[in-house]
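Asks: Residues 236 to 637 (the numbering used here) make up the sequence shown, in order.
Don't read these hints as lab results, they were simulated from the structure.
Just so we're clear, the structure is a prediction, and the values are computed from it rather than from any experiment.
Backbone N, C-alpha and C define an ideal beta-carbon position, used for all residues, glycine too.
Among these hints, one or two may not hold up.
[Unchecked claim] With beta-carbon atoms standing in for the labels, derived distance ranges:
| no. | residue 1 | residue 2 | range |
| --- | --- | --- | --- |
| 1 | S257 | S490 | 34 to 40 Å |
| 2 | N308 | A493 | 32 to 38 Å |
| 3 | G353 | W602 | 31 to 37 Å |
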Amino acid sequence: MTMTIDHPAPASPPSARPGRASRFPAILGAPADSAERLAQVRVIVAGCGSVGLNVVSHLARMIRALMCIDSKNIKTESLQTHPVTPAEIGLAKVRVAATWAARVNPEIEVRALDGLLGQQSPYDLLGYDYLVAAVDNLRAELEANDISRALGIPLIRVSVHGETLSAQVQFFSNQSAETPCPGCVFGTRDWAEVESLRRYACDGSERPPAAEIPTMSIPSLCSLAADLCVHQLLRDVLGIGRSVRDSVLSYSAISHRALVSSLPRAPDCRASHRVLRIVPVNTFISLSSPEELLASAGLQAEKTRLALDDQYVFVDAARCSCGRDWSPARFMNRREALPGCPCGGASASINIHTFREVPVRRLEAHWTEPLASLGADSARYAILTAGEDGVLVHGPRQEATP
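With the sequences and hints as input, model every part of the structure.
Replies: Below, the structure is given as structure tokens:
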């Protein structure tokens, strides 16, 4: 479910309005227009719990737009670590986060998505500058990696370890396929945990992960982690000091020591390292042909694959109830019935061959035809990939409505 808080972007940047930057300090080494630069920043916060809510609270006072993503509700136990009140028990965390941000800064643009990060389309998250992942399981960290790389924006992963009173902020630049990702620092046990969180329905589609172990911590450590996260983001926006990109900041409250080190790029990492280039076009994707999409992406047909909005698959082959094998060669919305055979019979769901990413060579017979004529009449974006190279092509975007 998508919930949109009705606080659209103001006509002018918040910092340009009276009083917005009146107490913003002249930070050592920062540009003179620091407040104005921050007032243009747009951030996605995935995970609006004990750490994420504090991140939202800080950012709401400084930046232009926030996107809050979480699938959980406030529980009684949340009072131990979350900056919430008993009156908010039972409410969606994203609603609490977005409502708080809008109240503390009525001029900020706030949107809230009640759902899992991995279920979101990169198309719906276009236009943001950073993704902050304050999530509580390794699978979600990989989903944050995939989304941020699809958007071509940095990923800031923030976490706590209650038993050692430690906080950690990892900053992934996502500048290229050669830069590190969260999976690069995973060990064997971490990957085993990722696999244990995978659940599949009978049709082979992936279900939401099973219940995770809750974060065990204290409120001061959670707010400290959020502080460190926001400081790293602020340093990157303003170019303060040594670059924080592709680094990890670890802080121990027991020893009161902080350590900063570089993040490695593991050559055998199992996670995706593909960073998509974003290419807007003036034509709606459903009205574009495979040839036009390939030209917009600047890729060669050989070894290039095409994927449309998440709800689409390409039906390459099917078997009719009459026993005939035939090739529909069309895109199908997952919610639609399988295409029928020319004889009028129904295709059998267990005898169908589909592509989520179809090799573009299979579309040569329809090279100049609009995708709408191939079944994709509501496609909003296309992702074309060739090895580690990838491009997200999208048409004119319509503003989301509350």
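Asks: All hints, please: hold or fail.
Replies: Here is how each hint holds up against the structure:
Take S257 and S490: their Cβ atoms lie about 38 Å apart, and the range 34 to 40 Å holds. For the hinted restraint 32 to 38 Å between N308 and A493, the CB-CB distance of approximately 34 Å keeps it satisfied. Restraint check, G353 to W602: a C-beta distance of roughly 33 Å satisfies the suggested window 31 to 37 Å.
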